[in-house]
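Just need the whole structure built from these sequences, with the hints factored in.
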Amino acid sequence: MSPATVSTKNSRGNIAYKNGAVPRPPRRLKPLSENTSNVSCTISRLPRVFVAKLKQKDIDAYRLPFFENTCITLLRAGYHSTSEELLLLDQMQDNMRKKAGPASPLWNETPLRKREEPLRVIFSYLLQAENADMQEQYDEVYRNNLAIADYFRGSDEDRWLVKHFLCKCNSICKRTIHLLKSLLEMWDKDTSHKWASQTQLTAQKADLEKRIATGERRLFESAYHLVSFLAESGDYDDAIFGARNLYHELKTCPRYKKPPADPGKELTIEWEVNAPSLISVVCECICKCSIALHQTIEYETSEEKIKALREAFEFADEAGNKLLIAQCKLLIGEEYEREQSLDLALQYANEYHKLAQNLADPIHKIQACKTLARIHGKNSDMLRAEEYLTELGHLAASCDEPQLSAEVSSLLAEFHMNETHDFEKANYYADTGFHLSLGKADQGHTNKLRAWLGIAKGQLAQRAVLQMLVASHFHGPSLESLLKWRSTRTAVQLLSEAEFGNLTKQTFQHRAEHCNARRIKRLIREEMSRRT
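All the letters of the sequence shown, read from the start, carry residue numbers 1 to 532 under full-length UniProt numbering.
Honestly, I wouldn't trust all of these hints.
Cβ-Cβ distance ranges computed for the label pairs, FRET-style [to be verified]:
hint	residue 1	residue 2	range
1	N95	D207	41 to 51 Å
2	L359	D94	19 to 29 Å
3	P254	K189	19 to 29 Å
4	E318	G234	38 to 48 Å
5	K210	T252	11 to 21 Å
Hints are computed from structural coordinates only; laboratory data are not their basis. Note that the structure is predicted; figures quoted are calculated from it, not measured. Where a beta carbon is used, it is the ideal one built from N, C-alpha and C, also for glycine.
So this is what it looks like as structure tokens:
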């Protein structure tokens, strides 16, 4: 400082400048014109006075939100990776909302930064993962990130979080394998540890190799978790692409078990005993995705569709899943039926029927009977078609499901109406199905059954009325029954086939005798007139 601005403290503790010089104040700051001691006392009392006058709602208004407060706390504690991850998730969701626009449902969803409970879960697992990473426990890092994905897996609005953490698990596995393999190579080249005993060297190398093997297993498991999630989300193209790559890699790897979605269940005896092999569930995933694509993709030719279904059948057969094998058989048979290759369609339908007998769900038995009855009907084998339809009726009755029984009754009524012309059975099944379907949501099915019932009753009434009209000329009870039906709609009392035959035979004999008598009389008159 210049001599003019050298300062000392007086007896009161205030600053005094020599020669009465006052220093130049900093820019944008106005010099204090009053006693600084009074100002300092006032400032020191302000916080207490200010806080005392605040209410709880005012304090809440000035307090930081939970998300910002958590990030600041993490940074102060040194958990930079966890804080960066939370900020990244917030930025990802903000970008998704902006991309979707205000008209999308995503815009109106509550942001993650305002959902305290999910943030606490993410915060807890990420802290454990970062601590494990500092201690080089990379498997624990993977397990904690997988636990976050499992926590959000049941929520539709948080599926983006599940995908993010599953992809992160895959990246953790790749990074871990690369790091451990690099350490193993450096360890082999390094000669500074040669002083250790052979037992120590073997143990250290075995530990590194074991950790690498664990990382490779986790890599396959993370790929499976991601593939299964894509399949559940309906992204079948990406799911089947990833599943095929995983299948070819698993062919040359040890036999791993299917990993649970919750990493905590890996320690249970139930998983250890009952978990299927990983390659079998990957085959099932490929088969399910192929079946789903079969129902959504328009193939250029039927041969391509059948080829894809045959490939799905091969994966189902390798997995040993009888349900998927049966579904593939059914779909292949239906494709052959559409192509009018009824022999091949019947072959696959019979195979599906045999497989359905060993499945627990009776729906497959019902579907098999429907298919066989339809194919036999197209082959004009009405006896076999009726046989399978009768079996279908028994199966539907045993299921105790009114809607299913109504559908089966509709099929039986249509079959007897169009194929066998047995209008009594058609009337019975149509009436049964109509009463079962009343009050259900499918009004179109109810109207269809009402139409079949009306046609069957009309055919039966037509046959009965014609019979009674013929018999009423010479049979009093038939005439009386016909009159009652006309006036009161009382059911017509039908004659048995034998009674109607005898009655019509007597009628024809009487008419023949009457015609012969008239003919004889006419001949006699002609002869008499000729003589005269």
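Status of the hints after comparison with the structure:
no., hint, verdict
1, N95 to D207: 41 to 51 Å, "holds (42 Å)"
2, L359 to D94: 19 to 29 Å, "violated (49 Å)"
3, P254 to K189: 19 to 29 Å, "holds (28 Å)"
4, E318 to G234: 38 to 48 Å, "violated (24 Å)"
5, K210 to T252: 11 to 21 Å, "holds (20 Å)"
Taken one by one, the earlier hints fail for this structure at numbers 2, 4, listed in ascending order.
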